[in-house]
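**Q** The residues making up each chain are set out below.
Protein chains: 2
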Amino acid sequence: MYLETITSPADIKSYTVAQRTMLAQEMRDALLKRASIHGGHFGPDFGIIEAVIALHTVFDSPTDKIIYDVSHQCYPHKMLTGRVEAYINEAQYDEVSGYTNPEESPHDFFNVGHTSTSISLASGLAKARDLAGRRENIIALIGDGSMSGGEALEGLNVVGEMETNFIIVFNDNGHSIAENHGGMYRTFKELRETNGTAEDNLFRAMGLDYRYVADGNDCEALIAAFSAVKNSTKPVVVHIVTQKGKGYQFAEEDPETWHYRMPFDIETGALKHPYTDPYQEATKDFLKEQAKTNPNFVFLAAGTMGGIGLSPKDRAELGNQYVDVGIAEEHAVAMASGLARGGARPIFGTYSTFFQRVYDQMAQDVAVNNSPAVFLSVGASIYYMNDVTHLGFFDIPIFANIPNLVFLAPASLDEYMAVLRWSVEQTRHPVMIRMPVGGYEESPYPVRTDYSDLNKYQVVQEGADVALIGAGNFAALAGAAAAQLEAEGIKATVINPIFLSGLDTALLDRLKEKHRLILTLEDGILDGGFGQKIAAYYGMDTQIRVRNYGLSKEFHDRYSASELAREYHLTAEQIVADTLFALKG
Amino acid sequence: MYLETITSPADIKSYTVAQRTMLAQEMRDALLKRASIHGGHFGPDFGIIEAVIALHTVFDSPTDKIIYDVSHQCYPHKMLTGRVEAYINEAQYDEVSGYTNPEESPHDFFNVGHTSTSISLASGLAKARDLAGRRENIIALIGDGSMSGGEALEGLNVVGEMETNFIIVFNDNGHSIAENHGGMYRTFKELRETNGTAEDNLFRAMGLDYRYVADGNDCEALIAAFSAVKNSTKPVVVHIVTQKGKGYQFAEEDPETWHYRMPFDIETGALKHPYTDPYQEATKDFLKEQAKTNPNFVFLAAGTMGGIGLSPKDRAELGNQYVDVGIAEEHAVAMASGLARGGARPIFGTYSTFFQRVYDQMAQDVAVNNSPAVFLSVGASIYYMNDVTHLGFFDIPIFANIPNLVFLAPASLDEYMAVLRWSVEQTRHPVMIRMPVGGYEESPYPVRTDYSDLNKYQVVQEGADVALIGAGNFAALAGAAAAQLEAEGIKATVINPIFLSGLDTALLDRLKEKHRLILTLEDGILDGGFGQKIAAYYGMDTQIRVRNYGLSKEFHDRYSASELAREYHLTAEQIVADTLFALKG
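If you read the protein sequences in the order shown, they are chains A and B.
Going left to right, the first sequence walks through residues 1 to 585 as full-length UniProt numbering numbers them.
Going left to right, the second sequence walks through residues 1 to 585 as full-length UniProt numbering numbers them.
Keep in mind that the hints were calculated from the coordinates and are not lab data.
On a predicted model such as this, the values are computed, not experimentally measured, just so you know.
Be a bit skeptical, because a hint or two may be false.
As the list makes no split between identical chains, a pair holds if one copy fits it or if it spans any two.
Think about it this way: if two alpha-carbon atoms lie no more than 35 angstroms apart in a straight line, the pair counts; the simulated DSBU-like pairs of lysine-lysine are [claimed, not checked]:
#1 K230 with K292
#2 K456 with K584
#3 K514 with K584
#4 K13 with K230
#5 K313 with K234
#6 K292 with K234
#7 K584 with K512
#8 K234 with K288
#9 K234 with K284
#10 K189 with K234
#11 K288 with K456
#12 K189 with K230
#13 K512 with K491
#14 K313 with K288
#15 K284 with K313
Kindly generate the complete structure, drawing on both the sequences and the hints.
**A** Set out below in structure tokens:
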């Protein structure tokens with residue numbers, strides 16, 4: 001084994017062609033075993049192995065700086081930069097994150113996980129280098145899927161004017177997470193078909209020099225190409241064509257399924273723990289039904305399918321009522337506004353963490369215009385993705401505080417479907433919906449069909465003394481805490497607000513009559529969130545005390561959700577204990 | 001006069017060449033007079049007159065739909081679509097907004113004012129049309145300055161794949177607000193120099209068809225070009241070259257100064273009410289001093305100079321320590337993170353309303369990485385731009401709730417300069433600063449030089465019973481209210497928090513001893529803001545009442561700031577009256 005002896009890139013610099021070939025194979029074998037047991041990004045890493053070997057052969061990391069876009073393709077880089085044990089030793093698999101991480105190694109420069117940032121981040125490193133009078137190489141490695149994002153395109157334009165060393169390795173495997181969408185992909189294809197000589201060339205049009213490597217899995221060709229641009233004094237793009245998932249037949253044949261994969265059986269490719277999410281399944285059915293019954297209905301995706309997991313077959317079924325704009329959330333939101341203004345009924349769905357990219361589009365393109373588009377946010381919960389770059393629980397301060405936007409947090413599958421249907425059928429408001437994570441197994445009340453009486457909360461149970469207002473995913477937690485309080489002799493009022501974007505002031509006023517303690521529970525950070533609005537509403541009232549449950553304003557990385565929940569007293573037992581104590585006080 | 005007879009575009013469709021020429025002249029004359037008296041956008045409107053006449057001659061608005069990017073060039077359009085009185089009758093100048101506005105006319109489709117959105121918005125209209133089986137033309141008119149923005153570039157890519165009617169009029173006047181920056185502008189220049197035939201062509205590289213009109217102020221050439229693409233069934237770009245400010249010598253010669261102009265003397269071009277802002281002036285001096293004393297200091301702009309008004313001479317003085325990335329805020333923020341990571345000391349400055357575009361870049365590229373970059377936000381106040389598309393007072397919920405980001409609101413010129421200097425010199429935190437609007441004329445306390453003790457508030461005056469916590473621009477308002485309270489026999493405590501992003505819990509706890517009413521004042525919306533954090537902090541305390549002063553979560557358009565302030569009780573008199581009443585209660 002070569003792999004296990006590598007402690008830094010210096011170890012591979014004098015490798016022979018044969019040694020590099022063996023190293024690449026060892027890396028693939030290790031990645032395959034690890035992925036099958038641990039899960040993780042698959043296709044991006046299998047495709048980039050030779051390029052990473054070539055980069056670390058030609059350049060001198062970390063003096064020369066390699067910035068990985070999204071960095072879901074950083075596993076081979078980590079294997080060559082002192083972290084190989086986390087890839088070959090099962091007991092150490094968890095010792096590295098899934099993304100570049102400066103806390104792990106001086107060879108990593110940024111924690112990244114959102115797409116299309118590498119060129120912009122690297123441009124700052126290049127300018128800092130120039131100001132300091134240094135001369136190292138700055139390399140941004142970016143995939144074709146990421147190139148459709150606005151930040152990357154802005155970066156190309158800015159870098160196109162920098163008269164300095166700046167190397168972009170454009171990793172073209174012909175795929176985004178799903179298939180690529182957009183006009184640039186036609187001209188990239190032309191470049192591939194003409195050995196890089198086609199006239200229409202996005203990079204040259206942005207003012208950059210351009211080189212082409214037909215086989216981006218040929219380590220020797222890559223070494224030649226990288227050597228040719230090393231120490232260049234002008235910005236240059238090296239377009240390399242790689243095969244996503246290379247070396248594992250299932251991944252080569254179905255790159256979308258194998259972009260990211262949970263633990264699987266190596267022989268069959270089958271998931272070890274197959275899982276279907278009832279919210280996803282119901283959403284898919286709803287979208288198909290809408291498309292059939294309303295010719296003006298359209299679902300927008302931005303590369304990711306929004307966690308709804310629409311398969312290629314589902315997408316084909318939706319036909320021209322499905323639009324994937326590529327990784328371009330800003331465009332998707334503005335397009336949704338245009339669709340609504342033009343009389344169509346759009347839903348744009350993506351993950352909560354990616355909705356962070358569109359505050360201004362939601363505020364300006366949508367909310368100022370009061371365009372009745374629907375936005376479906378997936379994974380807005382502490383019980384979802386737990387990488388620091390993919391947290392979904394910052395959305396309440398962002399989207400509950402935009403005027404005109406109705407932000408809804410349903411609490412069960414039934415309520416979610418009712419809310420979704422109402423949102424698409426009404427044409428008065430832009431609506432954002434948090435697809436539940438968890439929630440009530442069964443709704444404890446008949447769900448409404450009409451939500452046009454804005455900010456009307458749902459009283460789940462009438463009680464006295466204590467009221468628990470549990471929003472969305474935490475409505476069920478409020479219910480569970482109330483049940484335990486009842487066992488202690490306290491019949492609490494339980495409320496599911498449904499609306500995160502406004503207060504039911506009539507109800508809040510009424511609560512004053514019989515209650516002295518209000519608890520709010522939200523699945524997100526407290527700062528700027530839902531509960532603070534309630535606390536502020538009762539700010540001048542000396543009879544009512546308000547306690548907010550949720551997370552503090554902090555980043556967390558690869559946390560245990562149950563530990564985090566305990567830390568913030570987000571369990572029924574802790575809430576009950578707190579309440580009994582408060583009532584005594 | 002032709003102009004005054006025009007009530008809809010139908011009136012000009014059968015005009016002769018001579019009539020169109022005279023109409024264009026009448027429009028310029030009217031715009032010049034209005035601008036000299038009323039102020040407004042200048043260069044963009046003077047350059048686009050012929051194109052707008054041609055568009056309304058060829059296309060049938062509002063069935064055919066013209067979407068203006070930024071829409072600061074919509075004045076000629078408004079003149080031809082039933083709103084001419086607002087341009088020729090001084091008493092009616094204020095009857096139209098400065099941007100497209102669906103409430104004014106069915107010929108306007110969106111309220112817009114931020115750049116780079118037209119293609120994306122229009123793509124939604126096009127898709128809605130296709131779903132409904134209609135066939136009208138959809139036209140997006142976008143300037144070269146706006147083309148550097150990520151949303152526009154995402155839009156080009158998406159539209160490049162749409163096999164349908166979609167017409168982009170690319171208005172190339174060779175200028176952004178300042179000069180253009182980025183590699184694409186070199187290839188646009190090549191297109192201009194080769195009559196549109198140069199090989200490097202951004203639009204073709206994005207999959208669109210392309211046409212070129214060398215003189216975009218030649219109405220007849222434009223009519224021919226637009227007629228040729230009318231009802232086209234493929235997306236096409238019509239690249240027209242216009243002269244910014246055409247027809248007024250001062251504007252032609254200095255397009256940056258004349259992009260937007262306050263009222264001026266027509267003969268000399270001089271401003272009627274010249275004004276210098278002490279914060280701007282001090283900032284400029286500071287930037288130049290930093291650049292001289294620290295070779296690693298760099299100021300980033302995104303097309304707008306960030307309201308700091310750095311003149312071309314100032315920029316030349318800053319040399320390579322000044323970077324304008326064009327209208328590309330996302331890139332600017334990520335680049336700032338890269339600069340900080342690379343050891344440079346960057347400040348990125350822009351308007352508060354444009355910072356809305358970068359929540360995710362601030363959170364991911366900067367805050368997750370804790371990159372010590374500095375962000376200077378201009379116009380975060382109700383006392384600043386008052387168009388609904390340019391409001392600057394939504395920033396506290398956005399940026400005060402991102403972990404790691406230190407968000408500061410200084411309250412006087414001295415404090416602002418101290419905060420700015422500390423931010424640039426420290427390397428532990430990303431910092432955003434609200435450049436004051438108004439504030440104390442003179443600081444009532446010696447300002448700190450060191451702000452590294454995070455969330456340590458400034459006690460301005462010690463008192464009892466009532467504490468006023470007035471943030472940033474409203475610190476002086478808190479002081480004024482306290483002075484009036486003292487005349488009523490109440491010596492209140494006055495606090496300037498300085499930090500918007502965290503609580504001084506030690507101080508808040510200490511206040512409990514002698515106070516029973518806490519007032520918070522912030523120059524922004526209350527929802528998700530600063531005061532609600534204070535209210536929530538005291539939520540379980542029955543001795544303390546908290547009242548939050550600020551704006552409700554609403555959009556306002558062309559409001560009177562003094563009326564808005566009265567509506568929300570943001571005057572010392574009202575605060576005192578409220579307080580006296582509350583103390584009795």
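**Q** A separate judgement is required for each hint: does it hold in the structure or not?
**A** Cross-check of the supplied hints:
no.: 1; hint: K230 with K292; result: between (55 angstroms within a copy, 32 angstroms between copies)
no.: 2; hint: K456 with K584; result: both (32 angstroms within a copy, 33 angstroms between copies)
no.: 3; hint: K514 with K584; result: both (17 angstroms within a copy, 25 angstroms between copies)
no.: 4; hint: K13 with K230; result: within (15 angstroms within a copy, 60 angstroms between copies)
no.: 5; hint: K313 with K234; result: between (45 angstroms within a copy, 27 angstroms between copies)
no.: 6; hint: K292 with K234; result: between (53 angstroms within a copy, 27 angstroms between copies)
no.: 7; hint: K584 with K512; result: both (19 angstroms within a copy, 21 angstroms between copies)
no.: 8; hint: K234 with K288; result: between (50 angstroms within a copy, 28 angstroms between copies)
no.: 9; hint: K234 with K284; result: between (48 angstroms within a copy, 31 angstroms between copies)
no.: 10; hint: K189 with K234; result: both (25 angstroms within a copy, 20 angstroms between copies)
no.: 11; hint: K288 with K456; result: within (30 angstroms within a copy, 55 angstroms between copies)
no.: 12; hint: K189 with K230; result: both (26 angstroms within a copy, 29 angstroms between copies)
no.: 13; hint: K512 with K491; result: both (16 angstroms within a copy, 32 angstroms between copies)
no.: 14; hint: K313 with K288; result: within (11 angstroms within a copy, 60 angstroms between copies)
no.: 15; hint: K284 with K313; result: within (11 angstroms within a copy, 59 angstroms between copies)
Checked against the numbered hints given earlier, the structure satisfies every one of them.
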